[in-house]
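So you can see what is in the structure, the chains are spelled out below.
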Amino acid sequence: AQSVAQPEDQVNVAEGNPLTVKCTYSVSGNPYLFWYVQYPNRGLQFLLKYITGDNLVKGSYGFEAEFNKSQTSFHLKKPSALVSDSALYFCAVRVLSGSARQLTFGSGTQLTVLP
Amino acid sequence: EAQVTQNPRYLITVTGKKLTVTCSQNMNHEYMSWYRQDPGLGLRQIYYSMNVEVTDKGDVPEGYKVSRKEKRNFPLILESPSPNQTSLYFCASQDRRTEAFFGQGTRLTVV
Numbered sequence: 539a540q541s542v543a544q545p546e547d548q549v550n551v552a553e554g555n556p557l558t559v560k561c562t563y564s565v566s567g568n569p570y571l572f573w574y575v576q577y578p579n580r581g582l583q584f585l586l587k588y589i590t591g592d593n594l595v596k597g598s599y600g601f602e603a604e605f606n607k608s609q610t611s612f613h614l615k616k617p618s619a620l621v622s623d624s625a626l627y628f629c630a631v632r633v634l635s636g637s638a639r640q641l642t643f644g645s646g647t648q649l650t651v652l653p
Numbered sequence: 018e019a020q021v022t023q024n025p026r027y028l029i030t031v032t033g034k035k036l037t038v039t040c041s042q043n044m045n046h047e048y049m050s051w052y053r054q055d056p057g058l059g060l061r062q063i064y065y066s067m068n069v070e071v072t073d074k075g076d077v078p079e080g081y082k083v084s085r086k087e088k089r090n091f092p093l094i095l096e097s098p099s100p101n102q103t104s105l106y107f108c109a110s111q112d113r114r115t116e117a118f119f120g121q122g123t124r125l126t127v128v
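Protein sequences, first through last, are from chains A and B.
So the first sequence is residues 539 to 653, counted in the working numbering.
So the second sequence is residues 18 to 128, counted in the working numbering.
One chain only, chain A, in its complex shape (with noise of 0.2 Å):
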């Protein structure tokens, strides 16, 4: 069975500070891992993956994650940390076994970046 790991519940850091959310994961075979945003009243955002290539993915607003193997880890990054920032981050694992394509979700990081 595959799983995820947000260790962290709620993350507070000041505005222009770099910011990072940590994930874990835990699969049988190759992941293929995203990140989420969702803001108060609103479905979830997509806001990066990594399938495949550089362990460094870039993707919206500004936000990087870093697929490390070894830690089978994929922790959300940002160098600067903006108010509009806060809200609530899910990170997600499936993999692409036979026909099985279950995403399974962290229980996510509430972060808030504070003026």
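FYI, nobody ran anything at the bench for these hints, they're computed from the structure.
Wrong hints could be hidden among the right ones.
Unchecked claim - Label pairs and their calculated CB-CB ranges: (1) A:GLU553 <-> B:SER99: 35 to 45 Å; (2) A:PRO556 <-> B:MET67: 22 to 32 Å; (3) B:THR37 <-> A:LEU594: 39 to 49 Å; (4) A:ILE589 <-> B:GLY57: 39 to 49 Å.
Unchecked claim - Below are the SDA-like pairs computed for lysine to any residue, each with C-alpha atoms no more than 20 Å apart in a straight line: (5) A:LYS596 <-> B:ARG114; (6) A:LYS596 <-> B:THR115; (7) B:LYS82 <-> B:ARG61; (8) A:LYS587 <-> B:ASP112.
Beta carbons are placed, not taken as given, at the ideal position from N, Cα and C, and that holds for glycine.
Could you slot chain B onto chain A? The hints should help.
Chain B alone, transformed into the frame defined by chain A:
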């Protein structure tokens, strides 16, 4: 515009009264799924469908039904809703190598 459309957005109902939440996608995706979101638990998959007439249980299927008679539609059916099904529900669609596209969500309250 590529989108997943859920209806209704908000629903308050009483215990035991059958309801259906509709979901439609315009991207010709084969794979569709339903999730529920509860605080501290993230999103948990209820049911998924690999294609027309092919559905299977996710992690929390009890109390729910689905059908996939057409590729674009994947309704979620609660035959006899109970208060523990009060939640925020999301429909999603995806293809083999794409990210999942989510609907705007349906906030269901069962009293």
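Status of each hint after checking the structure:
| no. | hint | in the structure |
| --- | --- | --- |
| 1 | A:GLU553 <-> B:SER99: 35 to 45 Å | holds, 44 Å |
| 2 | A:PRO556 <-> B:MET67: 22 to 32 Å | violated, 41 Å |
| 3 | B:THR37 <-> A:LEU594: 39 to 49 Å | holds, 44 Å |
| 4 | A:ILE589 <-> B:GLY57: 39 to 49 Å | violated, 29 Å |
| 5 | A:LYS596 <-> B:ARG114 | holds, 17 Å |
| 6 | A:LYS596 <-> B:THR115 | holds, 16 Å |
| 7 | B:LYS82 <-> B:ARG61 | holds, 15 Å |
| 8 | A:LYS587 <-> B:ASP112 | holds, 14 Å |
Of the numbered hints given earlier, the model fails hints 2, 4; all others are met.
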